[in-house]
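Spelled out from the first residue to the last, the chains are:
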Amino acid sequence: MEGMEHPTPPGSDRSPGSHTAGPPAPRPPLAHFRGRLHDPRTATVLGRWLGLLVLLCFGTGLFSHLLQEPPAFLAGDLPTRPVWGYRLTQGLHVASGTAAIPLLLAKLWTVYPRLFVRPPVRGLRHALERLSVAVLVATALLEVFLGLLNTVQWYPWPYSFRSVHWALAWLLVGALLLHLAVQAPAITAHWRARSPGTRRLPADDEPNRRSLLRGVTAAVGAVTAVSVGQSLTPLRDLTLLAPRHPGHGTQGLPVNRTAAQAAIPPAELRDWRLRVAGPRTYQLTRVELARLPQHRARLPIACVEGWSKVADWEGVRLRDLLERSGAPPGARIRIVSLQRRGGYGVSELGESYARDPLTLLALRLNGEVLSADHGYPARLIAPNRPGALQTKWVSRIEVLS
Amino acid sequence: MTTVRWTLGAAGAVLLIVGCWLLLDTRSGTVGQVLLWLAGAVAVHDGLLVPSVLLVGLGLRMPRRRLPGYAFGVLRGGLVVAGSLTLLALPLVIREGQGRNPSVLPLDYADNWAALVAGTAVVTLVLLLGGGVRARVRGRTSGRAPRATGAEGPGRRSGDRAAPPVGRRSAARRTRSARPRR
Numbered sequence: 001m002e003g004m005e006h007p008t009p010p011g012s013d014r015s016p017g018s019h020t021a022g023p024p025a026p027r028p029p030l031a032h033f034r035g036r037l038h039d040p041r042t043a044t045v046l047g048r049w050l051g052l053l054v055l056l057c058f059g060t061g062l063f064s065h066l067l068q069e070p071p072a073f074l075a076g077d078l079p080t081r082p083v084w085g086y087r088l089t090q091g092l093h094v095a096s097g098t099a100a101i102p103l104l105l106a107k108l109w110t111v112y113p114r115l116f117v118r119p120p121v122r123g124l125r126h127a128l129e130r131l132s133v134a135v136l137v138a139t140a141l142l143e144v145f146l147g148l149l150n151t152v153q154w155y156p157w158p159y160s161f162r163s164v165h166w167a168l169a170w171l172l173v174g175a176l177l178l179h180l181a182v183q184a185p186a187i188t189a190h191w192r193a194r195s196p197g198t199r200r201l202p203a204d205d206e207p208n209r210r211s212l213l214r215g216v217t218a219a220v221g222a223v224t225a226v227s228v229g230q231s232l233t234p235l236r237d238l239t240l241l242a243p244r245h246p247g248h249g250t251q252g253l254p255v256n257r258t259a260a261q262a263a264i265p266p267a268e269l270r271d272w273r274l275r276v277a278g279p280r281t282y283q284l285t286r287v288e289l290a291r292l293p294q295h296r297a298r299l300p301i302a303c304v305e306g307w308s309k310v311a312d313w314e315g316v317r318l319r320d321l322l323e324r325s326g327a328p329p330g331a332r333i334r335i336v337s338l339q340r341r342g343g344y345g346v347s348e349l350g351e352s353y354a355r356d357p358l359t360l361l362a363l364r365l366n367g368e369v370l371s372a373d374h375g376y377p378a379r380l381i382a383p384n385r386p387g388a389l390q391t392k393w394v395s396r397i398e399v400l401s
Numbered sequence: 001m002t003t004v005r006w007t008l009g010a011a012g013a014v015l016l017i018v019g020c021w022l023l024l025d026t027r028s029g030t031v032g033q034v035l036l037w038l039a040g041a042v043a044v045h046d047g048l049l050v051p052s053v054l055l056v057g058l059g060l061r062m063p064r065r066r067l068p069g070y071a072f073g074v075l076r077g078g079l080v081v082a083g084s085l086t087l088l089a090l091p092l093v094i095r096e097g098q099g100r101n102p103s104v105l106p107l108d109y110a111d112n113w114a115a116l117v118a119g120t121a122v123v124t125l126v127l128l129l130g131g132g133v134r135a136r137v138r139g140r141t142s143g144r145a146p147r148a149t150g151a152e153g154p155g156r157r158s159g160d161r162a163a164p165p166v167g168r169r170s171a172a173r174r175t176r177s178a179r180p181r182r
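Chains H and F, in that order, give the protein sequences. Numbering follows my numbering, in which position 89 of the first sequence is assigned residue number 89; successive positions increment by one, without gaps. Numbering follows my numbering, in which position 98 of the second sequence is assigned residue number 98; successive positions increment by one, without gaps.
Just so you know, these hints were derived from the structure itself, not from any lab. Each residue gets a CB set at the ideal place from its N, CA and C atoms; glycine is no exception. Don't take every hint at face value.
What follows is a set of in silico ranges between Cβ atoms, one per label pair, in the way DEER data are often shown [unchecked claim]: (1) GLN68(H) - LEU90(F): 44 to 54 Å; (2) TYR155(H) - GLY132(F): 47 to 57 Å; (3) LEU131(H) - VAL126(F): 41 to 51 Å; (4) ARG122(H) - VAL126(F): 28 to 38 Å; (5) PHE161(H) - ARG134(F): 17 to 27 Å.
Here's a subset of chain H near chain F, in silico, CB distances under 10 Å, partners left out [unchecked claim]: (6) PRO120; (7) TRP157; (8) SER163; (9) THR188; (10) VAL226; (11) LEU241; (12) ALA260; (13) ALA263; (14) ALA267.
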């Protein structure tokens with residue numbers, strides 16, 4: 001913190017010799033930063049935007065995690081409205097992570113000279129402070145990197161993306177809060193252009209600072225504009241650097257896992273029957289399913305990787321199928337897929353989803369029979385639910401106790 | 001203030017503990033791998049990315065001294081935008097054509113990236129020229145040189161141009177810091 005309160009770069013006046021007249025202290029080899037804007041006002045202005053993005057990313061990530069792995073007491077009451085809720089939150093999650101790239105790098109550039117502060121450690125408190133900053137920097141960099149590569153479905157690391165992205169998020173936000181606590185005096189001293197700390201900085205840095213901030217703002221705008229169209233479909237024509245595009249995919253919808261990727265056995269498709277296992281177990285062929293009352297729902301499919309698109313679904317209400325099996329109210333429902341390869345072959349629905357009139361076992365998509373890649377013969381589609389849990393190639397519905 | 005700080009700090013510590021616990025709760029071997037990747041992320045950033053940016057900054061010294069502050073800011077902004085777009089494009093370009101199915105990575109990312117960088121260059125140039133024209137018009141109407149400061153408008157940054165050469169400045173600072181503090 002002390003290093004940040006001086007307009008001069010750290011290292012220039014931190015040397016042991018600065019307290020006594022005498023031979024000039026040897027300058028550390030790398031610690032001399034003559035460039036401007038490595039100052040606490042710039043760090044504060046960049047930091048508050050970055051902090052907001054990190055908190056937004058964390059909040060939306062928590063919500064996503066909650067929908068995917070709800071604690072038992074919540075599992076039956078997960079919200080199904082608004083139907084576009086998860087589309088919005090997960091779109092924001094990926095967009096805020098993307099927008100954080102220029103901000104994070106600019107922020108770290110601003111404080112980079114502090115890496116070389118002398119002496120490196122001034123005591124236990126200072127050591128702990130530096131350790132928490134190291135955790136903050138390392139987790140922020142890796143978290144953004146992991147998230148970005150996950151949207152591309154590229155996993156060059158040996159560990160599980162999900163569990164590590166989840167754990168690092170807590171470490172990142174924990175280190176961030178600790179950082180805010182430690183830096184609170186410096187932050188308040190530089191919060192405004194007229195704050196006391198800001199006024200001690202060289203006044204002619206201010207136009208330069210504003211100009212840098214405009215540049216970073218432009219960069220945030222640019223990376224957002226060219227990627228957010230993968231979920232904000234009105235901006236689809238600007239979508240130049242997103243891993244998905246609303247215009248690419250069979251039946252007007254992108255595909256995450258194809259039938260071939262999921263290793264759907266063709267033999268089981270030929271004599272497919274939906275089996276509903278409950279108090280009154282029964283089976284239906286696809287023709288019989290199509291004869292039951294059909295309902296339409298206009299619902300988005302929203303992937304954890306950030307892309308989403310609205311589609312017209314048509315099929316049988318899940319609650320009709322459950323009533324026919326005599327499922328008791330409040331029962332948890334398990335949906336089992338034919339898929340042989342990859343995760344998410346089984347998903348569970350709490351009561352709020354199971355009884356929602358918009359939750360369908362869909363047979364048709366955008367006016368056509370479901371294609372193999374979208375889950376033929378039948379797939380689940382429910383409102384406000386992560387795409388990974390909208391189970392495709394459904395073969396069995398089980399009523400759990 | 002103190003209460004806020006302690007609350008923030010305590011909340012941060014709790015979240016850190018939760019994070020550690022979640023990390024330890026992963027399958028065996030993960031902790032070591034993640035620590036390695038965390039260190040790697042810092043090493044690449046602090047040892048490669050920032051030094052390259054600082055080198056570019058050194059390269060910009062000449063235009064910085066010659067250009068008015070507005071124009072230098074536009075030039076730097078253009079580089080920041082192009083650099084950010086490049087970082088965003090990198091994984092897409094590297095993985096182009098390797099999507100797991102045709103709807104994953106369906107675009108021509110190398111071309112899109114090139115077009116965006118070219119577009120950024122054009123916008124930067126237009127802003128540079130527009131700023132120059134505005135500065136000249138302003139200089140003519142007011143009958144003197146473009147205004148020295150001013151937060152928004154174009155103009156020369158007097159501070160930057162009037163600053164003594166770097167060597168002298170740091171020498172001055174050394175003598176100052178050698179004096180005993182009061």
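Against the structure shown, which of the earlier numbered hints fail to hold, in ascending order?
1, 4, 5, 6, 13, 14
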